[in-house]
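**Q** Here is how the chains run, residue by residue.
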Amino acid sequence: MARSQIRQTQQPPIDAWGAGRLGLIFSLLYRFGPPRWSQYVRKNWAGQRLVIGIPYLWLILFFAVPFIIVLKLSFSEVRLAMPPFAPLIEKVSDAAYALNVNLGNYLFLLSDTLYVNSYLYSVKVAAVSTVFCLLIGYPMSYAIARSTPTMRNIWLMLIILPFWTSFLLRVYAWVGLLKTDGLINQFLGMFGLGPFTMMYTDFAVYIGIVYSYLPFMILPLYSNLEKHDLTLLEASADLGAGPVKSFLRITLPLSMPGIIAGSLLVFIPAVGEYVIPSLLGSSDQLMIGRVLSDEFFANRDWPVASAVSIAMLLLLVVPIVLFQRYQNQELAGARK
Amino acid sequence: MKSKTWFRNLALLVGFAFLYIPILSMVVYSFNNSRLVTVWDTADSPTLKWYRVLFSNEQILSAAWLSIQVAAVTATGAVILGTLAGLVLARFGPFKGRTLLSAMTTAPLVMPEVITGLSLLLLFVSLEQLIGWPQGRGFATIAIAHITFSMAYVTVVVQSRLATFDDSLEEAALDLGARPAKVFFRITLPLILPAILSGWLLAFTLSWDDLVISQFVAGPGSTTLPMVVFSKVRLGVSPDINALATIMVTIVGIGVVLSAFYMRRQERRLALEMQLAKAEKA
Chain A
1 MARSQIRQTQ
11 QPPIDAWGAG
21 RLGLIFSLLY
31 RFGPPRWSQY
41 VRKNWAGQRL
51 VIGIPYLWLI
61 LFFAVPFIIV
71 LKLSFSEVRL
81 AMPPFAPLIE
91 KVSDAAYALN
101 VNLGNYLFLL
111 SDTLYVNSYL
121 YSVKVAAVST
131 VFCLLIGYPM
141 SYAIARSTPT
151 MRNIWLMLII
161 LPFWTSFLLR
171 VYAWVGLLKT
181 DGLINQFLGM
191 FGLGPFTMMY
201 TDFAVYIGIV
211 YSYLPFMILP
221 LYSNLEKHDL
231 TLLEASADLG
241 AGPVKSFLRI
251 TLPLSMPGII
261 AGSLLVFIPA
271 VGEYVIPSLL
281 GSSDQLMIGR
291 VLSDEFFANR
301 DWPVASAVSI
311 AMLLLLVVPI
321 VLFQRYQNQE
331 LAGARK
Chain B
337 MKSKTWFRNL
347 ALLVGFAFLY
357 IPILSMVVYS
367 FNNSRLVTVW
377 DTADSPTLKW
387 YRVLFSNEQI
397 LSAAWLSIQV
407 AAVTATGAVI
417 LGTLAGLVLA
427 RFGPFKGRTL
437 LSAMTTAPLV
447 MPEVITGLSL
457 LLLFVSLEQL
467 IGWPQGRGFA
477 TIAIAHITFS
487 MAYVTVVVQS
497 RLATFDDSLE
507 EAALDLGARP
517 AKVFFRITLP
527 LILPAILSGW
537 LLAFTLSWDD
547 LVISQFVAGP
557 GSTTLPMVVF
567 SKVRLGVSPD
577 INALATIMVT
587 IVGIGVVLSA
597 FYMRRQERRL
607 ALEMQLAKAE
617 KA
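If you read the sequences in order, they're chains A and B.
So that you can map any letter, position 314 of the first sequence is 314 in this note's numbering, and since no number is skipped, the others follow by simple counting.
Just add 336 to the spot in the second sequence (first one is 1) and you have this note's numbering.
You may find that some hints are simply not true.
No farther apart than 30 Å at their CA atoms in a straight line, the calculated lysine-lysine pairs in the BS3-like style are these [stated by the list, open to error]:
1. B:Lys-432 / B:Lys-568
2. A:Lys-72 / B:Lys-432
3. B:Lys-385 / B:Lys-518
4. A:Lys-227 / B:Lys-432
5. A:Lys-227 / A:Lys-245
6. B:Lys-432 / B:Lys-518
Keep in mind that the hints were calculated from the coordinates and are not lab data.
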């Protein structure tokens, strides 16, 4: 009994440099225990409702209600919003007015190829960036998971350190590197190569996203790879499999949950990314986050901006649900 | 086996070069005398010129001060709300509406910022029409928006910290007659203090760093530092921003290393105390 409790306090190496460096990642590193009845609840004390109520009310008011307002505005009669803009469809009769305007914003999104193209482009950029994150992140996670415990802590600290520095400034750093007279082209120029146009291209956006989101890929992958039973690899080597075959048949399938979690953590926010394409991308092809922002600030068309965000949410519902399902599976796994 | 080590080292080398070369380039070029950011002026470099330029820029300084204030308020608010939510989710067991609370604390983690920003702005506008508050937008609306998205991170941090301790200590205290509030302050809070500190710093950083949500909910008179930086770098590279980045990287680097040592010592001491307590009992 005593020994098992002592073992419980010996935490995974990552905890040595602090609990909860990054919330989302830690939810993956420390699997939540199953919900349990605690005496907090059994005693049914007076403050219980207050403790539940305060964060609940805050989130209802500032997270749930705003979405209902967005949903309403996306269908809504345009006069509800303050800033000046012409109604999409003039009032013909009461019934016609209501019907037309209700769907008008969404029909507008479908009728103008700008929006559909932006959606497809955003999905493409997010997907390509996710693949590159995986290609760079997987070998790194693998190498970190197989290092000595001391080195592991140092590597993980170095992975997380950029998180604490400004995201905006880290994206900006790439401007100096990618410019036509930038450092990369200067370097390539020493070998008689280039100069290449890299700024304001899809390539620059991929670089920016991969760079910013790489830790989100590495940490869940690491937490998965670290738990692998290495005797499986020994057994497969004993039975005559080469390292490549062992990797493809054992390590890769076992790490699928980490791959899925990492990919979703990169893909979902990347679809709505605004800063990276604004600084590094071309202005010919806009990502949907930029379209929403332009629609709101430049065109001052609040209902259309609302409709764009509802449509973006619909696009992201499937990956978000997938991610939650993954987390629930992890919970079920931890309960055993 | 030899070839595998080689492969691993290569993966780490390439990966960390990718992560750190951009940051290093900003640090190095912040000491460059030339206005052209990518041309190294060998004659007059290194110089602190751009640091002087940075510190004489009133706009950046006042924006930085506003950002610090917003971030401090945000971090404190987010820690209070996030700790309550984390405690509820980790310790209160099933209750009516738990699923909704859990969904509302995890959704902001992956929600695209443009959506959060738009929805909060629409809320503030509707509230102003309905009850006359908030009048205009500024400090309060930025802080509320930042608290809302950063409390989700604090919640997850606190919740996962609580999940690493079982509730036997709390149950024992309750059995011995302590009231729940006392149990929280005497037992739960000291146990999760490292998580609360990390959560505070995390919320501070998130708020300090946020551009997109601030752009939606800020008023004309309230410009945060990322908003100034963004409008500057949109026009092209400017060397004083390199200086700003260098200062931030230095502070963060020192902070992370110090907290790593501190946390490590705390963890060891805790583990040692636990072991001693167990040994005494035996």
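**Q** If a hint holds in the structure, say so; if it does not, say that too.
**A** Now for the hints, and whether the structure bears them out:
1. Between the alpha carbons of Lys-432 of chain B and Lys-568 of chain B the distance comes to roughly 49 Å, so the proposed pair goes past 30 Å and is violated.
2. Restraint check: the Cα-Cα separation between Lys-72 of chain A and Lys-432 of chain B comes to about 27 Å, which is no more than 30 Å; the hinted pair holds.
3. Under the criterion of a C-alpha separation no larger than 30 Å, the hint pairing Lys-385 of chain B with Lys-518 of chain B is inconsistent with the structure, at around 55 Å.
4. With a C-alpha separation of about 35 Å, the suggested pairing of Lys-227 of chain A with Lys-432 of chain B is violated against the 30 Å cut-off.
5. Taking the CA atoms of Lys-227 of chain A and Lys-245 of chain A, the gap is about 20 Å. The hint holds against a cut of 30 Å.
6. Restraint check: the Cα-Cα separation between Lys-432 of chain B and Lys-518 of chain B comes to about 25 Å, which is no more than 30 Å; the hinted pair holds.
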